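Quick mapping for you: the protein sequence lines, in order, are chains Z and G. Mapping to this note's numbering: the first sequence position 1 is 1, numbers consecutive. Mapping to this note's numbering: the second sequence position 70 is 70, numbers consecutive.
Rather than coming from a laboratory, the hints here were simulated on the basis of the structure. As the structure is a prediction and not an experimental result, all values here were calculated from the model. Fair warning: there could be bad hints in the mix.
Some chain G residues flagged as far from chain Z (calculated, every beta-carbon gap over 12 Å) [as the list claims (entries may be wrong)]:
{"no.": "1", "residue": "69"}
{"no.": "2", "residue": "116"}
{"no.": "3", "residue": "117"}
{"no.": "4", "residue": "118"}
{"no.": "5", "residue": "145"}
{"no.": "6", "residue": "146"}
Covered stretches of chain G, going by a simulated chain Z footprint (3 or more residues, C-beta under 8 Å) [unchecked claim]:
{"no.": "7", "segment": "35 to 45"}
{"no.": "8", "segment": "120 to 130"}
The C-beta atom is built at its ideal place from N, Cα and C for all residues, glycine as well.
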Amino acid sequence: MTDHGDRLREAFETHENLAPDPAAVYARVRELARTHRLRRRTAQVAGGAALGAGLIAGGITLPTLLPGATPPATVAVAVPPAAAAAPSSTPSPDQLKREWDAYFAAGYGYDDALTLAKIWHLPIKNGDTGPVKAEAGQRLLDGKKLPIKPTPPGNGGVTPKEDREVSAFFAAGYNYADAVTLAKLWKTADPYHAKIEGGKKLLAGETLPIRP
Amino acid sequence: MIVTFEQFAVARLPSLLRYAVVLTGDRDLAQDIVQEVLARAQVKWRQVSGADAPEAYVRRMVLNEYLSWRRTWAVRNVHTVGERLVDLDDAHGGVPDHAQDVVDADDLWNRLATLGRKQRAVLVLRYYEQLDDDAIADLVGCSPATVRSHHSRALKTLRLTSEHQHRIHAEEKS
Chain Z
1 MTDHGDRLRE AFETHENLAP DPAAVYARVR ELARTHRLRR RTAQVAGGAA LGAGLIAGGI
61 TLPTLLPGAT PPATVAVAVP PAAAAAPSST PSPDQLKREW DAYFAAGYGY DDALTLAKIW
121 HLPIKNGDTG PVKAEAGQRL LDGKKLPIKP TPPGNGGVTP KEDREVSAFF AAGYNYADAV
181 TLAKLWKTAD PYHAKIEGGK KLLAGETLPI RP
Chain G
1 MIVTFEQFAV ARLPSLLRYA VVLTGDRDLA QDIVQEVLAR AQVKWRQVSG ADAPEAYVRR
61 MVLNEYLSWR RTWAVRNVHT VGERLVDLDD AHGGVPDHAQ DVVDADDLWN RLATLGRKQR
121 AVLVLRYYEQ LDDDAIADLV GCSPATVRSH HSRALKTLRL TSEHQHRIHA EEKS
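Using the sequences and the hints, build the whole thing.
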């Protein structure tokens, strides 16, 4: 080691232990991870819409991080000093469709997503229940049971078809304010029906008259 | 060995925090960066753990986060008395009474704060992580020649080159 190398190494090593408390940092990591997961779900929703809201193929499986979830899968780890492949945070949009399909196939719908969001303490932003459905769908794909049974159709709940259309509406990046605008434009009974109509068009590959 | 994210974090978090502190020179920024990186790593843990070297993968994420960090960077870089790690060290009685080399280390630590992020990263990767130019180039995203350029300029800024040369020169004269 050169002289300046020794001095730099000493400067680094004499200050490295001023690092923050790992326990406090870890607690914060757990909180942040949950936020990231929700953000990621939203990104997947948008990504799924960009692909036409109906395209599908395999995908990755995410670890479940929500309350009550089982720990993530165990994996083999080796820790050599060499650099690994470049990290990438690109989510798989296809996974979303599989999760939604699993959710709807099990008979769950919009009202169930609202109930699940309360149970899991997940926020519903702008009425978008897509991330909750995706989480539930993932659990179903993992062979787990959801904490509630599906709401029987015909009890005032939303049908799976309508639910899928509304989800497609939000997946394309539209929100409640857009639904209000579209309701005026299309003269539908209310914004909800505008969401259904909009989702129907999006699923058919059509574009809407306004941008999200 | 088989580990979950939790096991990985418990085992490697202290080391990651030390690395981040050395990399950033700022305890708060180091904490922010490690928190952000580990949160993302947890969300995509299967992908991270599927890498040949998960720890190297995460350390690389820390480096990338540091090099691309925008939020509050300018604010954090305006230190006042009591905010610098060296000041905190002083407050804990960690500095001068003793060896001159400790004082020198603190002085050098302060001067490191004047470097650009890539220059500092190159020094940390070479002298703290003990990587060669090729490995550093891969991590930083530039050529080995650029690494050497960053290294040379960093030493010049830190006045280490001239001191080193002066010292050799003086020794040769004596």
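We went through each hint and held it up to the structure:
Against the 12 Å criterion, residue 69/G stays outside the reach of chain Z, whose nearest CB is about 15 Å from its own CB. With a least beta-carbon separation of about 16 Å from chain Z, residue 116/G lies farther than 12 Å from that chain, consistent with its non-interface assignment. The claim that residue 117/G is not at the interface with chain Z holds, since no C-beta of that chain comes within 12 Å of its own (minimum 16 Å). At the 12 Å boundary, the C-beta of residue 118/G stays outside the reach of chain Z, the nearest C-beta of that chain being 16 Å off.
At roughly 19 Å from the closest C-beta of chain Z, the C-beta of residue 145/G stays outside 12 Å, upholding its exclusion from the interface. The Cβ of residue 146/G lies farther than 12 Å from every Cβ of chain Z, with a closest approach of about 17 Å, so its non-interface assignment holds. Requiring three or more residues with a Cβ within less than 8 Å of a Cβ of chain Z, the coverage given for the segment 35 to 45 of chain G holds, as 9 such residues are present. Counting residues of the segment 120 to 130 of chain G whose CB falls under 8 Å from any CB of chain Z gives 6; the rule of at least 3 is met.
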